[in-house]
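Chemist: Please work from the sequences and hints to get the whole structure.
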Amino acid sequence: MTEEKEQTSKVEYTLETKTELRFEVEQGAFVQLEVISGKAEIFGTELTKNKKYNFASGSKLRHLSGKTEVAYIAKETPMVLYVNTHAALEQMRKKAEMEETRGPRVMVVGPPDVGKSTLCRFLINCATRLGRSPVLVDLDVGQSEISIPGTVGALIVERPADIEEGYALTAPLLYHFGHKTPADNWPLYNLLITRLAEMINMRCNSNSRTNVSGIVINTCGWLRGGIYQSIVHAAGAFEVDVIIVLDQERLHSELKRDMPEFVKVVLQPKSGGVVERNQKTRAEVRDAKIREYFYGLHNTLYPHTFEVKFSEVQIFKIGRPILPQQMLPMDTVAQSDRTKLVPVLPSTSLVHHVLSVSMALQADDDIVHANVAGFIVITAIDQDKKSFTVLSPSPRPLPRSILLVMENIQFMDIE
Numbered sequence: 003m004t005e006e007k008e009q010t011s012k013v014e015y016t017l018e019t020k021t022e023l024r025f026e027v028e029q030g031a032f033v034q035l036e037v038i039s040g041k042a043e044i045f046g047t048e049l050t051k052n053k054k055y056n057f058a059s060g061s062k063l064r065h066l067s068g069k070t071e072v073a074y075i076a077k078e079t080p081m082v083l084y085v086n087t088h089a090a091l092e093q094m095r096k097k098a099e100m101e102e103t104r105g106p107r108v109m110v111v112g113p114p115d116v117g118k119s120t121l122c123r124f125l126i127n128c129a130t131r132l133g134r135s136p137v138l139v140d141l142d143v144g145q146s147e148i149s150i151p152g153t154v155g156a157l158i159v160e161r162p163a164d165i166e167e168g169y170a171l172t173a174p175l176l177y178h179f180g181h182k183t184p185a186d187n188w189p190l191y192n193l194l195i196t197r198l199a200e201m202i203n204m205r206c207n208s209n210s211r212t213n214v215s216g217i218v219i220n221t222c223g224w225l226r227g228g229i230y231q232s233i234v235h236a237a238g239a240f241e242v243d244v245i246i247v248l249d250q251e252r253l254h255s256e257l258k259r260d261m262p263e264f265v266k267v268v269l270q271p272k273s274g275g276v277v278e279r280n281q282k283t284r285a286e287v288r289d290a291k292i293r294e295y296f297y298g299l300h301n302t303l304y305p306h307t308f309e310v311k312f313s314e315v316q317i318f319k320i321g322r323p324i325l326p327q328q329m330l331p332m333d334t335v336a337q338s339d340r341t342k343l344v345p346v347l348p349s350t351s352l353v354h355h356v357l358s359v360s361m362a363l364q365a366d367d368d369i370v371h372a373n374v375a376g377f378i379v380i381t382a383i384d385q386d387k388k389s390f391t392v393l394s395p396s397p398r399p400l401p402r403s404i405l406l407v408m409e410n411i412q413f414m415d416i417e
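Position in the sequence shown (first residue = 1) + 2 = this note's numbering.
Simulated from the structure, these hints should not be mistaken for laboratory data.
Any given hint could turn out to be false.
[Stated by the list, open to error] In silico lysine-lysine, BS3-like type, Cα no more than 30 angstroms apart, as pairs: (1) K272 - K282; (2) K258 - K96; (3) K12 - K54.
Modeler: What follows is the structure, given as structure tokens:
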């Protein structure tokens with residue numbers, strides 16, 4: 003492998019079997035990686051020999067090199083343990099094929115920044131390299147792997163994720179949540195988990211290959227409080243067989259206590275290459291994910307800007323604020339309004355907000371349970387013309403007329 007520090011300066015690393023090359027890219031720099039001899043992979047995706055891979059600043063990956071803040075070879079790695087996990091899941095798939103039942107459903111849980119997304123990608127990539135078509139489910143509304151923040155979704159993966167560009171996002175199934183943390187609306191979050199599980203079950207029942215390949219579920223970072231109940235809820239909704247707990251003995255103990263006996267709960271270590279992210283870094287990653295949706299990973303896409311008349315659309319948000327119990331009518335549950343539609347009038351307060359384009363055909367449809375076609379950003383409001391200007395990945399007209407507001411997720415289109 004080579005590390006390019008200047009245009010003409012390179013550093014070569016020699017890795018032994020079962021070791022990792024870890025690095026972080028300097029701010030404003032980039033990595034160019036090339037495998038000169040032997041074999042190497044990233045998260046289960048094999049690197050092509052003599053092909054140059056580029057990584058921008060902010061990349062924090064293992065098995066790589068670059069113009070770095072940190073670069074070192076690690077001999078102690080849990081990767082062998084992760085490989086054994088994949089092998090065990092593949093044995094479950096083979097058994098499912100023989101018995102014509104469903105394949106393994108595994109959920110990865112743990113605190114923030116322990117490598118949950120990394121392990122999910124590794125397990126998915128290893129499965130696809132064997133010809134499987136597993137379903138990747140992403141319940142992390144703050145740092146989604148398959149869509150923009152503020153959504154939960156699923157994707158049937160047919161081939162390993164591209165080294166630079168990630169998963170081939172062809173027709174993911176997405177649902178609007180509208181916040182960057184589940185704590186902003188627990189009832190809605192759990193409702194969407196149930197809905198997503200129902201739709202995936204329907205897909206698996208109609209496609210034997212997907213059914214046998216199984217499901218890999220990525221989750222939000224576990225912290226004390228409501229997220230534990232959502233983990234338990236998701237485990238039941240998706241009927242998981244295996245829960246992998248990364249680097250958290252307490253969470254492992256609680257799940258062992260609360261899960262049915264047929265659910266195998268295993269504790270595994272995190273990789274030493276995992277880097278903790280502060281709030282500023284997380285916000286930057288969210289902004290980058292939204293920008294990538296409109297402009298592509300390398301700014302090769304050209305989004306459209308056009309006007310939409312107020313009369314052409316209906317705008318809603320999901321969930322009314324929680325009122326104190328004493329202010330509610332008797333026998334009313336305070337949480338009940340958290341999944342209700344609230345009409346929103348177009349105003350300057352919507353400028354820079356991301357909106358989901360619902361697949362619902364009309365306002366009396368079950369919009370909360372409807373998946374979304376895509377996303378737009380309102381860039382300007384003209385009250386005189388009764389219209390607003392949007393940034394959209396596709397030209398006019400909008401595919402549907404029902405729009406859902408992401409309440410605390412915004413995007414400013416600044417080049």
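Chemist: So, for every hint listed, does it hold in this structure?
Modeler: To see whether the hints hold, each was checked on the structure:
| no. | hint | result |
| --- | --- | --- |
| 1 | K272 - K282 | holds (23 angstroms) |
| 2 | K258 - K96 | holds (26 angstroms) |
| 3 | K12 - K54 | holds (13 angstroms) |
Going through the hint list in order, the structure satisfies each hint without exception.
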